[in-house]
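**Student:** Each chain is listed here by its residues.
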Amino acid sequence: MIANQKSILELQQHTGVNVNRCYQCGKCSAGCQLADEMDFPPSMVMHMLQTRDEELFQQLLNSKTIWLCVSCQNCIERCPMSIDIPQIMDYLREKSAGEHKINHQSRDIVAFHRAFLDSIKYTGRLYEIGLIAGYKTRTFHLTQDVKLAPKMYAKGKLPLVPEMIKGTRNIKGIFSRTKH
Amino acid sequence: MSEFEPKIVAFVCNWCTYAGADLTGTSRIKYASNVKIVRFPCTGRIDFMLLLKAFAEGADGIIVSGCHPNDCHYTSGNFHARRRWVIFRGLLNFMGIDVNRIQFSWVSAAEGAKWADVVNSTVTAVRELGPYTKYQKAADYLAQQDQSIIDGQEAMIIK
Amino acid sequence: MSKIGVFICHCGENISATVDCEKVAAEAGKMEGVEFATDYKYMCSDPGQTLIKNAIKEKGLTGVVVGACSPRMHEPTFRKACAEAGLNPYLCEMSNLREHCSWVHEKNEQTTEKAIDLVKMLVEKVKKNKPLNAIKVPITKKALVIGGGIAGIQAALDIANAGQQVIMVEKEPSIGGHMSQLSETFPTLDCSQCILTPRMVEVAQHPNITLYTYAELEHLDGFIGNFKATIRLKAKSVDYKLCTGCGLCTTKCPSKKIPSEFNEGLGMRTAIYTPFPQAVPNKPVIDRANCTYYQKGKCKVCEKVCPTGAIQYDLPDQFITEDIGAVVIATGFNVLKTDFFPEYGYGKYADVLTGLQFERLASASGPTLGEIRRPSDGQIPKKIVFIACSGSRDPAKGIPYCSKICCMYTAKHAMLYQHKVHDGESYVFYMDIRAGGKNYEEFVRRAIEDDGVNYIRGRVARIYEKGGKYIVKGADTLLGSKPVEIEADMVVLATAGVSNPGAEELAQKMHVSYDAYKFFAEAHPKLKPVETNTAGIFLCGACQAPKDIPETVGMASGAAAKVIGLFSNSELTREPLIAVVNRSAPPVFSTCVGCCMCQTACPYNAIEREEIKGRDGSVIKTVAKVNPGLCQGCGTCVAFCRSKAIDMQGFSNEQMFAEVMALLNE
Amino acid sequence: MKKLGFYPGCSLKGSSSEYAQSVLAVAKAFDLELTEINDWNCCGATAAHNMNKELALSLSARILALAEKQGMTEVVVPCAACYNRLTVTQHELNKDEALKQRVSDIIEMPISGNLQILNVMQLIDKYVADRLEEKVTTPFGHKVACYYGCLLVRPHNILQFDRLEDPQSMDILMKRSGAEPIAWGFKTECCGAGFSVSRTDVVAKLSGNIVKDAADRGAEAIIVACPMCQSNLDMRRPQINEYLKQKIDIPVLYITQAIGLAVGLSPKEVGLQKHFVPVEFSEQH
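Residue numbers (our numbering), protein chains in the order written: chain S, 1 to 180; chain Z, 1 to 159; chain A, 1 to 666; chain R, 1 to 285.
Isolated chain S (complex conformation) (with noise of 0.2 Å):
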């Protein structure tokens, strides 16, 4: 085991969360509704940040749960400690996309987040045929949901033109100004 105070320092400095008040009576794990899917339940994560062990915090930044977390906050609500996990996740998960170590079986939910995120960058508003695309060339799931977006359009749901807002300098300046 190596113990590392760094990472879970800096970890409880982001987040103002001190792991050690977790005392593992398992709440979180049991409401979660992707526990089921997770390498780690919520808990386990939890505890594997106590341990202050590099090698469990690598395992978490490698992981399938935190891009599984759908950050619906139950565990919060639910914690009889109220510790935060889902600001623990984001935590995580932004450490784990800046240090290039997602989770390969999350890569499609990761490419979605930035195709989404590229699609604001350039228009303002989410433009649904853009992300669409832009998340089958990231993913190279081209047959996707080929037969839904017909229908979509059908029905009046999926507009071919993007609507570009006015502001989408002042977008461009916010997301150069957050990039890290």
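Just so you know, these hints were derived from the structure itself, not from any lab.
As the structure is a prediction and not an experimental result, all values here were calculated from the model.
Some hints here could point you the wrong way.
[To be verified] Heads up, simulated DSSO-like pairs for lysine-lysine below, C-alpha to C-alpha not over 30 Å straight-line:
| id | chain 1 | residue 1 | chain 2 | residue 2 |
| --- | --- | --- | --- | --- |
| 1 | A | K337 | A | K382 |
| 2 | A | K528 | A | K228 |
| 3 | R | K205 | S | K95 |
| 4 | R | K100 | S | K6 |
| 5 | R | K143 | A | K397 |
| 6 | R | K205 | S | K155 |
| 7 | R | K247 | A | K466 |
| 8 | R | K53 | S | K136 |
| 9 | A | K397 | Z | K114 |
| 10 | R | K53 | A | K469 |
| 11 | A | K256 | A | K300 |
| 12 | R | K13 | S | K147 |
| 13 | R | K69 | S | K166 |
| 14 | S | K151 | R | K205 |
| 15 | R | K95 | Z | K30 |
| 16 | A | K348 | R | K205 |
| 17 | S | K147 | R | K245 |
| 18 | S | K166 | R | K143 |
| 19 | S | K155 | R | K212 |
| 20 | A | K420 | A | K473 |
| 21 | S | K179 | R | K100 |
| 22 | R | K212 | S | K151 |
| 23 | Z | K137 | A | K128 |
| 24 | R | K143 | A | K348 |
| 25 | S | K136 | S | K95 |
| 26 | R | K245 | S | K155 |
| 27 | S | K101 | R | K205 |
| 28 | R | K13 | S | K136 |
| 29 | A | K136 | A | K625 |
| 30 | R | K205 | S | K147 |
[Said to hold, decoys possible] Simulated DEER-style distance windows between Cβ atoms:
| id | chain 1 | residue 1 | chain 2 | residue 2 | range |
| --- | --- | --- | --- | --- | --- |
| 31 | A | Y42 | S | S82 | 39 to 45 Å |
| 32 | S | G16 | A | E371 | 51 to 57 Å |
| 33 | S | Q144 | R | Q101 | 41 to 47 Å |
| 34 | S | G16 | Z | P69 | 46 to 52 Å |
| 35 | R | D96 | Z | P131 | 54 to 60 Å |
| 36 | R | N114 | A | P395 | 29 to 35 Å |
| 37 | R | K247 | A | P395 | 29 to 35 Å |
C-beta atoms are modelled at their ideal positions from N, C-alpha and C, and glycine is treated no differently.
Please arrange chains Z, A and R on chain S, whose structure you already have, making use of the hints.
**Tutor:** The following block gives chains Z, A and R in isolation, referenced to the frame of chain S:
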């Protein structure tokens, strides 16, 4: 020059706040060491002339703390203290003493952590206000005046 | 000229770890008027006390300052030591170097400086101290026991059996408390009623015990040895002198649909009722809020059927006043029954119960005669889930503490269930098993090993109802927090033990302290567990914190012993820390102008007017006078006095000014 | 006529255009004028706060700042996700002055942080509820399962909307519109949210459990107030049915559609034809 360390006197009742401060100790909660506690049986006992005296002698801040309303060991001493404080504040203001230098609070015997908070927040607040010498100077001046009057009278008597 | 001795205690390392005790003693030695100063490892120990005594004798000290722990801890110890050495005990003061200094600050120079300041303050104060003599007051040898649960019963019987008088006040129509509701008790599984009811009868028949049921404490005045209690006897609407307890009225009462408090709402009772068959006294009261006659003006069935004419609708609440010497608080606890667990559906789902409700289901005297059946449809549950820590250890819900008894009673519940439903499956969701107690761990192991109760380590996230089943969603933290789903027929929540509603109000009536959760506070967590901060008022049982029966009974006997000890004296000495009016004789006279503002401020009516008469009998002036028997020493009058004619012994103006000035004058 | 600000968000301009349509139609029926925030941008949704917290705050803050600049004091945000992001952002900024300043610099606009942000239930509660019953002409006489999802009620300490477990506000409004809300077990369980495209299997499972519980208890419709919930429960029905191995065809309506029908708007006016799972019973209206 190190940071200004204010001198703060805490006037507390024996039953709630003194016991609460004891609990702070038993719980090993750390707080600033600027505050020194003077124990009274009850906040009702606290003669507010003592507060003036403390300022005259160079206190930078004062804490008065006792039992929560309805919890007074002597039924109503804290209510008397509260009423006195309301009136006394006006007098302090009139005399040009900054009322922000006095912190009035309720801390029960069970609130060890709260006592530490009260102390720390008062120390921070008083530190920001800076040293307090105005009233001390005035008191010294008045004492001199008194002395000269007494001297004068004595001189007259001797004459 | 003062000759003060200063004694600095290291308290092992408790003080010396952060405060330089030698330096404090050395600095104290340089203070004006200090004759002798030293430090020692344990000042409260025998050699430490001897050190003080010898110094008093050898150096002829006129005052002593002990720099050690809180005076709330050891002031009596050191004052006694001084008295033994011939120094008036009130010439000894304590400087709190532990709780107020070494324990709350880091080790550095400022901390030692502060310790020196604290000592200096008390040195200046003690110079102004005057020798005082303890006040002697008589003791009324009668105890008031508030609460008739097992704690109150035990305390009352112990005191009464020692030959002292006891008054017991119980707010319900019968004594017995929560213990009478229990089915079996851990860890022996003996029947709760079987061991309790004989004691209830003993209370009722004891010649030294006066029992007031359906009564509450209204007022408490006075002080140790000399309290005056006003008790409200709530109108029972039944004349107990005439009532024979035949029970005809309760069988004929037409209002039969009132949820029974005794059965925790799982059974019904009538408007005129005795809470349960073994009630003591076994005579009914009318619950006016639910009685047709009181609400609608018509009915009077009970009056018609009563063979002795005992029903009296117009009886008002009565008040009686009793002189008593000591009080034992034994008001017990309660369990959370509110909409506290929206995620568990308590209150919404009929078969999600509290532990206390399950006790009633399992009890032979309960609504199902001891058969475990679902309140919703009367079916026997084949799968039952128990959830430990329901509310306890849950800061988010405002209860961070452990309720202590739940682990044990949950094991007992699961065991009872397995004994009654042989083909049933029981699950316990737990966080930790806290079974510290004689034979407790063995008991829990028996539930798991012999009775096959399934223990799952994890907390339940939520419960929802589906097709008459309760879907319990938990996680098994010992299997990597794997989600677990159980389709249960019944769920029992081991709900947190909380203070009784009204505990705060009662505490305020008696001026005793209580904690953040409205449990009564003991005077010292270790050394004074049955005393309160108010002399003469003791406490026992779950009103102090949730606790089990053996502990409650032990504590009750402890409180009783304290009362008996107090009553073994005919007189009581009281601290002379009281107010006095300056009594200067003519021609100077007292500065008291007789405005008697102090009289209005005094909460104890301890101040009276006194006329000072000349030789010819004419009134020269009127002054205030303090009755030393009544004064409690709050000192409010002192701060009130406009002419500074009233002062307080032990906390005089002179002493307090000296203390403040010592602190600020470098 | 009461005037309020309006933030539709991206979904209501695209895949959930019928939500916007019904919100506006209901608002009009009750004399409320909703003015769209000029030049609004996307709130960033889950993607932004999953990837970059500061970006997430800034995107939402820009919207708040624009609304303030355009003189709005109350803004209606029908999309639960946008409602959540905007409310949480305002809360975070108000909690931390330094952060507010930094974000204000990033978006190059001042922000004061005192907007009233209303979701659809709050809008109706505040301005319509007392007139609702008298306006109902064709009661929505069906058993409905009111589905709140995650983002309307959590985090409770910030949103301060309804009860955390077993919320009631939607049920009450539906009852007043003539419907019969059922008690069920999945009111606030997550539908899979943003995984609609990237993890359709997860959505099928989570949404499937929700649809199944509602159907099992005899609900004739599921009522929602979130475009993500709607599209997951509606558009992903083929995948859901495949997961459940069962064909469930109860429709998923926005609360504004249901209320709209109850106050006499036509199915077309509230955009029912845009649903994937056909809203069959609407003919009887």
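**Student:** Are any of the numbered hints broken by this structure? If so, which, sorted upward?
**Tutor:** Violated hints: 5, 10, 18, 34, 35, 37; rest satisfied.
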